[in-house]
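Sequences are here, hints too, so could you generate the full structure?
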Amino acid sequence: MTEIDYQDLPWPVREDITAAQRRAWNRLGRAGTWLTGAERIAIAGEARNAMNCELCQARKQALSTQFVKGSHDHLGQLSTLEVEQIHRICTDPGRLSRSWYLDLRDSGMAEERYVETVGVIATTVTVDTFTKGLGLGPWPLPTPRPGQPSRQRPIAAKRELAWVATLTPADAVGTPDADLYAGRPTAAHIYQAMSLVPAEVKGFFDLVTNQYLPPAAMMDFDNEYRAINHAQIELVAGRVSALNQCVY
Amino acid sequence: MTGTDAAGDGGVANGRKLIRFATAVLHDDASELAAARMDIADTMGGAALTDTAAVAALFNAIDRVADSTGIPLEDVKAAATVDFRAAIGINDFAAASEKGGAS
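Protein chains in written order, with the numbering used here: chain Y, 1 to 248; chain G, 1 to 103.
Below, a list of computed lysine-lysine pairs in the DSBU-like style, where the Cα atoms sit at most 35 Å apart:
#1 K77/G / K202/Y
#2 K158/Y / K202/Y
#3 K60/Y / K77/G
Distance ranges between label pairs, derived from CB positions:
#4 P214/Y / E74/G: 18 to 24 Å
#5 G147/Y / D75/G: 37 to 43 Å
#6 V76/G / D220/Y: 17 to 23 Å
#7 H27/G / D220/Y: 29 to 35 Å
#8 R23/Y / E74/G: 27 to 33 Å
To be clear, the hints were calculated from the coordinates, so they are not data collected in a lab.
Here the structure is a predicted model, which is why all the values come from computation and not from measurement.
Every residue gets a Cβ at the ideal spot worked out from N, C-alpha and C, and that includes glycine.
If you want it as structure tokens, here you go:
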């Protein structure tokens, strides 16, 4: 398997970024909580493929996604529901709606698999956008490893905060997933978003810590931690989020 | 890192270059992305370029996590940003009324 390595670039990539992406890639190919390694790699591959889907491109240009009917251009490894989930999240995230999510769920999408799929997409998008930004092609996806998903749903997860069930810091106390919040009484909603599958939160926030900032550094405006300062970081983040029409 | 660009930089040093890169990395014009990349590398340095790419990449993913799970903005953040969210048009985004709550 090709290992993520940026040493040949003309610009220095922090070693903690490289290490976090290697951990993410290693995790991508292994069985998760609800998906096998092969399923996770199929999802990552479909996430890449979605960017070339003609239906998605037509929908993206339409005033409403409902106006454009058709079938996704897909790789044939996943169900119709999974393809719809992956393509919409990848190509038009700003127009996802509660009714769209409920349609998927009512059609048979298990929310645990949905959330883990979100985590796989997020990992893939993070690494792929980084390489694109630096003028590189995407890294080969890792080879799937054998193994079965653990299928452990947090016992205190409930539908309250978001469309999907989440585990709040308060409800996590005293459960096997208490370590997700490490005793903290509160957490940003973005941290709770994938808490139905704690392993995805931990994995994705490993990337957050190293590509963005560690939690303690986010509000520490007396010190700078990167080659761009807090204001510059937030300007980049804000611009990307505005282009994605992300309300959060 | 000193010097603030003219209007369009968000009031941030080298803001115009950063906005240019963040815009280009989300689109498909390879030559524009290459130019935006070199603009940062040549003036802010290679480390600034790779850290900018890291942040842009991370938020391209975070947005998808937020939008696909339907999490709402925290109340305290919503209250603190109510004025400028309206002013800069965030409230007009398609999903502005879609987030939060049990389904």
